[in-house]
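Sequence order for the protein chains is Y and B.
Residue 84 in our numbering is what sits at position 84 of the first sequence, and the numbering runs on without skipping anything.
Residue 134 in our numbering is what sits at position 134 of the second sequence, and the numbering runs on without skipping anything.
FYI, nobody ran anything at the bench for these hints, they're computed from the structure.
Wrong hints could be hidden among the right ones.
Said to hold, decoys possible - Residues of chain B placed beyond 10 Å of chain Y at every Cβ, according to the derived structure:
| hint | residue |
| --- | --- |
| 1 | I27 |
| 2 | S93 |
| 3 | D152 |
| 4 | A155 |
As the list claims (entries may be wrong) - Here are some chain B residues pointing at chain Y (derived, C-beta under 8 Å):
| hint | residue |
| --- | --- |
| 5 | I25 |
| 6 | I90 |
| 7 | V108 |
In this text, all values refer to a predicted model and were calculated from it rather than measured experimentally.
Don't be surprised by glycine CBs; every beta carbon is placed ideally from N, CA and C.
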Amino acid sequence: MNLDVELKNALRRVEPPPGFADRVMRRVAPASAGRLKPARTLAAAAALIAAMLGGWGVHETLRARNELLVAVRIASQKVAHAQQEIRK
Amino acid sequence: MKHIIVTILLLVPAAAFAQSGRVTIDIPPSLAAKASESVDVNLDGVMLRLASRFLSDEDDAEIRDVVRKLDGIYVRSYEFDSDGEYDRSIADSVRRQLGPEWKRIVTVQSKMRENTEIYALPRGDSVGAIVVITAEPRELTIVNIVGPIDIDKLASLEGNFGIPKRGKHE
């Protein structure tokens, strides 16, 4: 048999066995599900940044709350003391 | 002559500022380093409203009621371990900013206890701002509250911080 014929036989189109495509898709699907698409990556990063900024905002607000309580405590003590002295 | 003009130019904006109820409390940063305890609070209207949201509905209701209409609270308070650690001109610089609209409503002078002055800026029948200056040998406290304030209600809050009201025990 000459070389041309042998190559043609070796490279001839062969139909896949029944169910081959389904089996390939089943094996590929779990692997791709684990990876995030670019849009999802961006969304995840945005959510993380928002959470960090939100945490910072809460921290600042709590600090302001504590400062407010300290300020009101000092102011009320000074005014109350002055009022008591006047009433004596 | 130059000095007089410069002084006037510096005092005019400060006086205009004070008519809004706000005073400039100019304290050298080195004073906090000398103090055994120091408090530096600057809360404008926006921060006050944010901070008020985190006050408890039950325990802090009275505090929220007093601060809800305010435009700002500014406090500088320093305590020292020994006498005469601060420059008394700091309090004078605050007094100088208070124009004729401001009224000194309380002066307490005591040899043994703290000396306190309370100034109020009248707005109609109510008070639009107050300045409290307490100057003792070992303590300097300046409070500026901007916005409509009920002084009696503010004084009544003293007992809300775990400190018994003086009147109850005297």
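Status of the hints after comparison with the structure:
1. I27: holds (15 Å)
2. S93: holds (19 Å)
3. D152: Violated, since 8 Å does not exceed 10 Å.
4. A155: violated (4 Å)
5. I25: violated (13 Å)
6. I90: Result: violated, 16 Å to nearest chain Y Cβ.
7. V108: This hint holds: V108 (chain B) lies near chain Y, its Cβ roughly 4 Å from the closest one there, short of 8 Å.
Figure legend: structure checked against the earlier numbered hints; hints not met, in rising order: 3, 4, 5, 6.
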